Amino acid sequence: MAFFEGLKMTGGYGTGPDIINSCSVDVNRGEIVSILGPNGAGKSTAMKALLGLINLKSGAVVIDGKDITKLSPQDRVRQGISFVPQTKNVFAGMTVEENLEMGAYLRDDNYQDVIEEIYELFPILREKRNQLVGELSGGQRQQVALGRALMIKPSVLMLDEPTAGVSPIVMDELFDHIIKVKRTNVAILMVEQNAKQALNISDRGYVLVTGENKYAGTGKELLNDPRVRSSFLGG
Amino acid sequence: MDFLNAIILLLNYIFVPALTYGSQLALGAIFVTLIYGILRFANFATGDMMAFGTMVTILITWYFQSIGISLGVLPTALLAIPFAIIFMIGYMLFIDKFVFRYYRVNKSPPVQLAMVSIGVMFVTQAVVRIIIGPADQRFFDGERFIIKAREFKEMTGLNEGLAIKSSQVLTIFITLILVSILFWFLNKTKTGKSMRAYSDNEDLALLSGIDPKRVVMITWIIAGILATIGGALYGLDKSFKPFTYFNNMLPIFAAAIVGGIGNPFGAFLGGYVIAFSEIFITYAYKKFFMYILPESMEPETLVQLLSTDYKFAVSFSILVIVLLYRPNGIFKGKVL
Ligand SMILES: Nc1ncnc2c1ncn2[C@@H]1O[C@H](COP(=O)(O)OP(=O)(O)O)[C@@H](O)[C@H]1O
Ligand SMILES: [Mg+2]
Numbered sequence: 001m002a003f004f005e006g007l008k009m010t011g012g013y014g015t016g017p018d019i020i021n022s023c024s025v026d027v028n029r030g031e032i033v034s035i036l037g038p039n040g041a042g043k044s045t046a047m048k049a050l051l052g053l054i055n056l057k058s059g060a061v062v063i064d065g066k067d068i069t070k071l072s073p074q075d076r077v078r079q080g081i082s083f084v085p086q087t088k089n090v091f092a093g094m095t096v097e098e099n100l101e102m103g104a105y106l107r108d109d110n111y112q113d114v115i116e117e118i119y120e121l122f123p124i125l126r127e128k129r130n131q132l133v134g135e136l137s138g139g140q141r142q143q144v145a146l147g148r149a150l151m152i153k154p155s156v157l158m159l160d161e162p163t164a165g166v167s168p169i170v171m172d173e174l175f176d177h178i179i180k181v182k183r184t185n186v187a188i189l190m191v192e193q194n195a196k197q198a199l200n201i202s203d204r205g206y207v208l209v210t211g212e213n214k215y216a217g218t219g220k221e222l223l224n225d226p227r228v229r230s231s232f233l234g235g
Numbered sequence: 236m237d238f239l240n241a242i243i244l245l246l247n248y249i250f251v252p253a254l255t256y257g258s259q260l261a262l263g264a265i266f267v268t269l270i271y272g273i274l275r276f277a278n279f280a281t282g283d284m285m286a287f288g289t290m291v292t293i294l295i296t297w298y299f300q301s302i303g304i305s306l307g308v309l310p311t312a313l314l315a316i317p318f319a320i321i322f323m324i325g326y327m328l329f330i331d332k333f334v335f336r337y338y339r340v341n342k343s344p345p346v347q348l349a350m351v352s353i354g355v356m357f358v359t360q361a362v363v364r365i366i367i368g369p370a371d372q373r374f375f376d377g378e379r380f381i382i383k384a385r386e387f388k389e390m391t392g393l394n395e396g397l398a399i400k401s402s403q404v405l406t407i408f409i410t411l412i413l414v415s416i417l418f419w420f421l422n423k424t425k426t427g428k429s430m431r432a433y434s435d436n437e438d439l440a441l442l443s444g445i446d447p448k449r450v451v452m453i454t455w456i457i458a459g460i461l462a463t464i465g466g467a468l469y470g471l472d473k474s475f476k477p478f479t480y481f482n483n484m485l486p487i488f489a490a491a492i493v494g495g496i497g498n499p500f501g502a503f504l505g506g507y508v509i510a511f512s513e514i515f516i517t518y519a520y521k522k523f524f525m526y527i528l529p530e531s532m533e534p535e536t537l538v539q540l541l542s543t544d545y546k547f548a549v550s551f552s553i554l555v556i557v558l559l560y561r562p563n564g565i566f567k568g569k570v571l
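Chains A and B are the protein sequences, given in the same order. For the first sequence, our numbering begins at 1 and goes up steadily by one. For the second sequence, our numbering begins at 236 and goes up steadily by one.
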């Protein structure tokens, strides 16, 4: 059994139609798992389901053998699950350091050393610590978003399109950072549009189509699978 | 000599009154901006909530006076304010629990909450008028002046006197202390920062484990403090008449919007922008020009841009101009 699992999750928004259907994903600590698929496939929705931001009609979410399907998002954060949403993932009107402090809101101990660790991981943030995040570049903002999510020292980190809207160079840089985080024994689950590059750094991946699992495999397998290549990787 | 007289004239009739009035507006404007930034609606009950807080201050002041408690040269009301604040916080939390919470939990649109606040306004207004009546109330006691105009003239030998009322000095002094504490709280404490975070990005605040109930409660507590102190200072300096407080909502909203709605420091400065504009534009400069111009050029008219009866037109015009050209306010800076 994997460390963090969504099992046969079915559900949607409010009373609307089901967006995800019997969708299953899992990830282990020290592993990067990517969720790929066309726009509107329900990738973000699957992440929201794992975090408890939408209610499931059926299925379960399990962390470290413990069923957390009934827990609120806040309580799941307390269980060590951190989430970086696709949009609006920073406090734009606050400084870099304040963003990190807010990430540590649930910590009662002295988190100054954790902030130091984040600055080691993302040196640019130390330089910009007193700048408003709204004034930073896209790539720097994504680092703030990652940093904020890492402040609770999560065991699971979920990233929704961490490289959306940044240049290829910045994308490589962000992926390097994500690999560094993985080496600290965090389970990383990410949704990506840049499928090839994402699979390159992923241990495993899932392809989601209309809310259902379509293909699954290791990063290499998916990269070399002709069906996946032709439909999602541009040949 | 004439030049000095002209300066004293402006200090006496423009600068000191505008600084005082601006402080009173600033407290109201921070109240509006805080509610808007965190609870996300325009609170039309602001003026009447301030009237309510003032009324409670007055009742407690009267009680203290009746049993012979006083502060000597200082107004007894200063002693009553802390008790009135406690009462007002209770009132705010009561209204929130039984009125606003319902709409917040149901995620009603901001317009609906604003309409609800109009309901709260009518009820608060009625309660104030039932308890204390619609008439003018004076509750200032203690030493009225710090410097009297006549004493100033004797001291300096100038024609123009500078009168400084103790209520003016108290207003400016208390406002500066209160606002400094508030900004320290919002910018330096964990709870204050969590309120700014909630105002900035509610969803991410929830994902960071910030408790919205706590944020809302603290917002109303601060609102209770601002409403009571802002209202009581205005009443001490001028007089307490419920209708005036309702009217003051126009300059207060103008100040909040000039400062960039949701930006407390902007609201603070906005209070002074509005107060100075109102007084600059409605002051009759005839005497001022008589001092600085040679006799041959003395003005025949009052040299008043707008009669004081139209002072609200100034706030209103500023409001419209800012909304048209700088809808995010005239100051750059962080939101709450
Ligand atoms: N907040 C929402 N309320 C209702 N429907 C939504 C909401 N967010 C997304 N959807 C719908 O859910 C479907 C899947 O969206 P999403 O999970 O964001 O796709 P992806 O992240 O794979 O691009 C889309 O049809 C979208 O219209
Ligand atoms: Mg998405």
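Where hints are given, some of them may not hold.
Short, incomplete list of chain B residues facing chain A, as computed with Cβ under 7 angstroms [as the list claims (entries may be wrong)]:
| id | residue |
| --- | --- |
| 1 | 432 |
| 2 | 444 |
| 3 | 540 |
| 4 | 542 |
Here are the computed lysine-lysine pairs in the BS3-like style, where the Cα-Cα straight-line distance is at most 25 angstroms [said to hold, decoys possible]:
| id | chain 1 | residue 1 | chain 2 | residue 2 |
| --- | --- | --- | --- | --- |
| 5 | A | 128 | A | 180 |
| 6 | B | 423 | A | 88 |
| 7 | A | 196 | A | 220 |
| 8 | B | 473 | B | 342 |
| 9 | B | 342 | A | 88 |
| 10 | B | 342 | A | 70 |
| 11 | A | 57 | B | 522 |
| 12 | B | 546 | B | 400 |
| 13 | B | 383 | B | 448 |
| 14 | A | 153 | A | 182 |
| 15 | B | 522 | B | 400 |
| 16 | A | 153 | B | 425 |
| 17 | A | 214 | A | 153 |
| 18 | A | 128 | B | 423 |
| 19 | B | 425 | A | 128 |
| 20 | A | 88 | B | 448 |
| 21 | B | 448 | A | 70 |
| 22 | B | 423 | A | 153 |
| 23 | A | 88 | B | 425 |
| 24 | A | 57 | A | 214 |
Hints were generated in silico from the structure; no laboratory data involved. None of the values given here were measured: they were computed from a predicted structure. Yeah, the Cβ is synthetic: ideal placement off N, Cα and C, and Gly gets one too.
Hint check:
no., hint, verdict
1, 432, "holds, 5 angstroms"
2, 444, "holds, 4 angstroms"
3, 540, "violated, 38 angstroms"
4, 542, "violated, 41 angstroms"
5, A:128 x A:180, "holds, 21 angstroms"
6, B:423 x A:88, "holds, 24 angstroms"
7, A:196 x A:220, "holds, 10 angstroms"
8, B:473 x B:342, "violated, 40 angstroms"
9, B:342 x A:88, "holds, 19 angstroms"
10, B:342 x A:70, "holds, 22 angstroms"
11, A:57 x B:522, "violated, 79 angstroms"
12, B:546 x B:400, "holds, 22 angstroms"
13, B:383 x B:448, "violated, 50 angstroms"
14, A:153 x A:182, "holds, 12 angstroms"
15, B:522 x B:400, "holds, 22 angstroms"
16, A:153 x B:425, "holds, 19 angstroms"
17, A:214 x A:153, "violated, 32 angstroms"
18, A:128 x B:423, "holds, 18 angstroms"
19, B:425 x A:128, "holds, 20 angstroms"
20, A:88 x B:448, "holds, 22 angstroms"
21, B:448 x A:70, "holds, 21 angstroms"
22, B:423 x A:153, "holds, 24 angstroms"
23, A:88 x B:425, "holds, 21 angstroms"
24, A:57 x A:214, "holds, 21 angstroms"
Comparing the model with each numbered hint stated earlier shows that hints 3, 4, 8, 11, 13, 17 do not hold.
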